[in-house]
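Chemist: If you read the sequence shown in this note's numbering, its first letter stands for residue 491, the second for the next number, and so on.
Certain hints may be false.
Claimed, not checked - Distance condition first, Cα-Cα at most 30 Å in a straight line; then the derived DSS-like pairs of lysine-lysine:
id	residue 1	residue 2
1	Lys642	Lys657
2	Lys639	Lys657
3	Lys631	Lys642
As the list claims (entries may be wrong) - Beta-carbon label-pair distances, calculated as ranges:
id	residue 1	residue 2	range
4	Trp625	Leu569	15 to 21 Å
5	His590	Asp611	31 to 37 Å
6	Gly576	Ala544	30 to 36 Å
7	Gln571	Lys631	30 to 36 Å
8	Glu606	Asp573	17 to 23 Å
9	Glu606	Leu636	22 to 28 Å
10	Thr629	Ile659	19 to 25 Å
11	Ser585	Ala544	32 to 38 Å
Honestly, the hints are just simulated from the structure, not real lab data.
In this text, a Cβ means the ideal position worked out from N, Cα and C, and glycines have one as well.
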Amino acid sequence: MNEYAEYDWKLHQMQNERLCEAARKRLTDGDRQRALNGLRDAVDKSLNLALLPARTPELWATADGGVLRALADGLPGVLSQRDRRGRCVLLMFASNWIPHACPLLSVFRALLLTIERTLDDIQNQANGYVIIVDWTEFTFKQSCNLQAKVLKMMIDCLQDCMPVRFKSIHFIGQP
491 MNEYAEYDWK LHQMQNERLC EAARKRLTDG DRQRALNGLR DAVDKSLNLA
541 LLPARTPELW ATADGGVLRA LADGLPGVLS QRDRRGRCVL LMFASNWIPH
591 ACPLLSVFRA LLLTIERTLD DIQNQANGYV IIVDWTEFTF KQSCNLQAKV
641 LKMMIDCLQD CMPVRFKSIH FIGQP
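Construct the entire structure; sequences and hints are all you get.
Modeler: This is how it looks when you write it as structure tokens:
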């Protein structure tokens with residue numbers, strides 16, 4: 491299996507051998523398979539996912555009250571039924587967000603936790619996700635708490651590191 495891991499992960503092309511050893515020790519075969527299934531063998535993104543906890547430890551800390559509050563408020567929610575193409579549907583009601591109770595980083599951590607939990611299903615890995623964000627009744631006070639640094643980190647993490655395919659993102663009632 492080791493020779494296949496080196497071929498799949500292109501370890502022979504990596505410059506830093508210590509980085510290769512650390513990545514190899516942290517990942518299990520299940521982690522590698524899930525990442526490669528979700529990205530359809532996009533090896534670079536799979537390696538970024540493996541190295542993400544070292545770069546952003548604040549995202550992978552234990553769940554605190556803000557994350558639990560975000561999950562309780564339905565940020566995000568998962569529909570029990572799939573769409574007509576078999577994709578998992580994630581819902582986010584922006585008006586439910588209470589910035590002083592759960593900061594934006596906690597909402598994003600709740601989203602990551604939800605994605606990690608739903609990625610256990612092979613069908614989600616194969617078909618991808620649909621995200622629906624409802625912006626109705628989103629107030630100016632809430633929009634003042636959107637931080638550019640956290641938004642950039644969220645986009646970078648979802649685009650470059652997560653082993654998921656977002657098929658579509660729909661915004662309802664944009665501010």
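Chemist: Could you say whether the range 19 to 25 Å given as a hint is met by the Cβ separation of Thr629 and Ile659?
Modeler: Since the Cβ atoms of Thr629 and Ile659 sit about 22 Å apart, the hinted range of 19 to 25 Å holds.
Chemist: For the hint 30 to 36 Å, verify it against the beta carbon of Gln571 and that of Lys631.
Modeler: Holds, since Gln571 and Lys631 (Cβ atoms, about 34 Å apart) stay within the stated range.
Chemist: Can you let me know if the beta-carbon spacing of His590 and Asp611 is within 31 to 37 Å?
Modeler: Given range 31 to 37 Å: holds, Cβ gap about 35 Å.
Chemist: Just to be careful, I want the Cα atoms of Lys642 and Lys657 compared with a cutoff of 30 Å; is the pair within it?
Modeler: holds, 20 Å
Chemist: Holds or violated: Lys631 with Lys642, Cα cutoff 30 Å?
Modeler: Holds, at roughly 20 Å.
Chemist: Hint says 15 to 21 Å; check whether the CB-CB distance for Trp625 and Leu569 agrees.
Modeler: 18 Å Cβ-Cβ, so the 15 to 21 Å window holds.
Chemist: Honestly, do Ser585 and Ala544 meet the 32 to 38 Å range at C-beta?
Modeler: holds, 35 Å
Chemist: Is it true that Glu606 and Asp573 lie within 17 to 23 Å of each other by Cβ?
Modeler: Once the Cβ atoms are compared, 21 Å apart, the range 17 to 23 Å for Asp573 and Glu606 holds.
Chemist: Taking the CB of Gly576 and the CB of Ala544, does the distance hold inside 30 to 36 Å?
Modeler: holds, 34 Å
Chemist: Lying within 22 to 28 Å: is that true of the beta-carbon distance Glu606 to Leu636?
Modeler: holds, 24 Å
Chemist: Given the proposed pairing of Lys639 with Lys657, does the C-alpha separation stay at or below 30 Å?
Modeler: Between Lys639 and Lys657 the Cα gap is close to 25 Å, so the pair holds against 30 Å.
When the structure is compared with the earlier hints, no violation turns up for any of them.
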